[in-house]
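Use the sequences and the hints to build the structure in full.
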Amino acid sequence: MTDTPLIRLGPGRRQVLAGLAGLWLAGCAQPTRTELSTRSFNEADPLSGWRVPANAGASVWSEHLPAETLASGPMTLAISGGGEDGAFGAGALVGWSRTGHRPAFDVVTGVSVGALIAPFAFLGPSYDDALRRIFTEYDADDFMALSISDAVFGSALYDTAGLRKLLETFVPDSLIDAVAQRHADGARLFVVTSCLETSRGHAWNMGRIAQAGHYDLFRGILRASAALPGVFPPVALAIPVDGGTLTETHVDGGVQMQFLALPAAIAPGRGQTYVLINNTLTPAATDGAHSALGVSQQALTAMIRANALSAVQAAARRARANGVSFAVAAIDPASGIVYDPSNRFDAGYMNALYRHGYERAVGGSLWTHPTGESAPAPT
17 MTDTPLIRLG
27 PGRRQVLAGL
37 AGLWLAGCAQ
47 PTRTELSTRS
57 FNEADPLSGW
67 RVPANAGASV
77 WSEHLPAETL
87 ASGPMTLAIS
97 GGGEDGAFGA
107 GALVGWSRTG
117 HRPAFDVVTG
127 VSVGALIAPF
137 AFLGPSYDDA
147 LRRIFTEYDA
157 DDFMALSISD
167 AVFGSALYDT
177 AGLRKLLETF
187 VPDSLIDAVA
197 QRHADGARLF
207 VVTSCLETSR
217 GHAWNMGRIA
227 QAGHYDLFRG
237 ILRASAALPG
247 VFPPVALAIP
257 VDGGTLTETH
267 VDGGVQMQFL
277 ALPAAIAPGR
287 GQTYVLINNT
297 LTPAATDGAH
307 SALGVSQQAL
317 TAMIRANALS
327 AVQAAARRAR
337 ANGVSFAVAA
347 IDPASGIVYD
357 PSNRFDAGYM
367 NALYRHGYER
377 AVGGSLWTHP
387 TGESAPAPT
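According to our numbering, the sequence shown is numbered sequentially starting from 17.
What the hints contain is simulated information worked out from the structure, not anything from laboratory work. As the structure is a prediction and not an experimental result, all values here were calculated from the model. Keep in mind that a hint or two might mislead.
Cβ pair distances, simulated, as ranges [to be verified]: (1) Gly364 <-> Gly202: 36 to 46 Å; (2) Glu184 <-> Gly364: 24 to 34 Å; (3) Gly260 <-> Glu184: 22 to 32 Å; (4) Asp145 <-> Gly202: 22 to 32 Å; (5) His117 <-> Thr261: 36 to 46 Å; (6) Glu79 <-> Ala337: 16 to 26 Å; (7) Ala87 <-> Pro188: 29 to 39 Å; (8) Gly116 <-> Pro82: 20 to 30 Å; (9) Gly380 <-> Gly259: 48 to 58 Å; (10) Gly260 <-> Ala200: 23 to 33 Å.
Every residue, glycine too, gets a C-beta built ideally from N, C-alpha and C.
Now the structure itself:
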């Protein structure tokens, strides 16, 4: 722990650091090959009972799902990354609950900010108020603090003490116990992180971790999945295994993928997949910053959006080929909500996105086919 005081950022300083974060993130999007350990290629994963390789095929995933779910076909909700745009997903889920038609999902997956949303989505409408509070009552100053020494000499620009406190408040042991109970009832919750030592992505079976009573590990995985490389420090996860402890360093699951959809071949001809994208899938309005920092932020946003669109199209093709129902929801680029890349986690922006998601869900226009035509949500 550094002795350098943490600094709450004023608007001007936050804008500068947000731009620097964009540049840093663009350069840190993938772990370097020199970080790979020999275990990454030559040894089996000692934690295979608790997690799945993020790129695993249907046969591996089948080992983590109940036979009854495979027989009927899983109803899956995949929640993407997107930083502050997660406010859209939170509002969409709360609005969907309001309609009375939100399903009880068999499988929920989350990446990055989607990982923070996923436990609440997994547990159902009774946890909607927590989602609303996180994305409408908090802003950058509540969970981002600049540590000068870490920014200059360490691995990240910001400290995550605030995010840790947020998780302790909204993900108490009682919530983790509720996840364990849903797991016992046959539902599954997976969160994706990226391991720096192996350069691999892992989808953690959070219900199994909850059942084992590893509360701090549960919260640590959520924090790791949202730890943007270079922006937030990596999270060291201490994992009990074979009577000892295995320590790995993990960062944002978004390094590996924008969202995690189970292989459609896991239950061909059966099942339903909903993908909730905390972003637009086509260009949206931004404040047209022409500085080097502003341009870097906008370029990074465009790259992430293109990756998300490509991933949605690929998942939709696989679903169609296997006879699985598929729908996607994303921020409407014509919403009129303007993103300022130099002012991250702005409360006004997040509240507007929350209302946008909520109103779309209540109005019945949330879910569409990836090609853009209107379509009802799968039933």
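Hints violated by the structure (numbers, ascending): none
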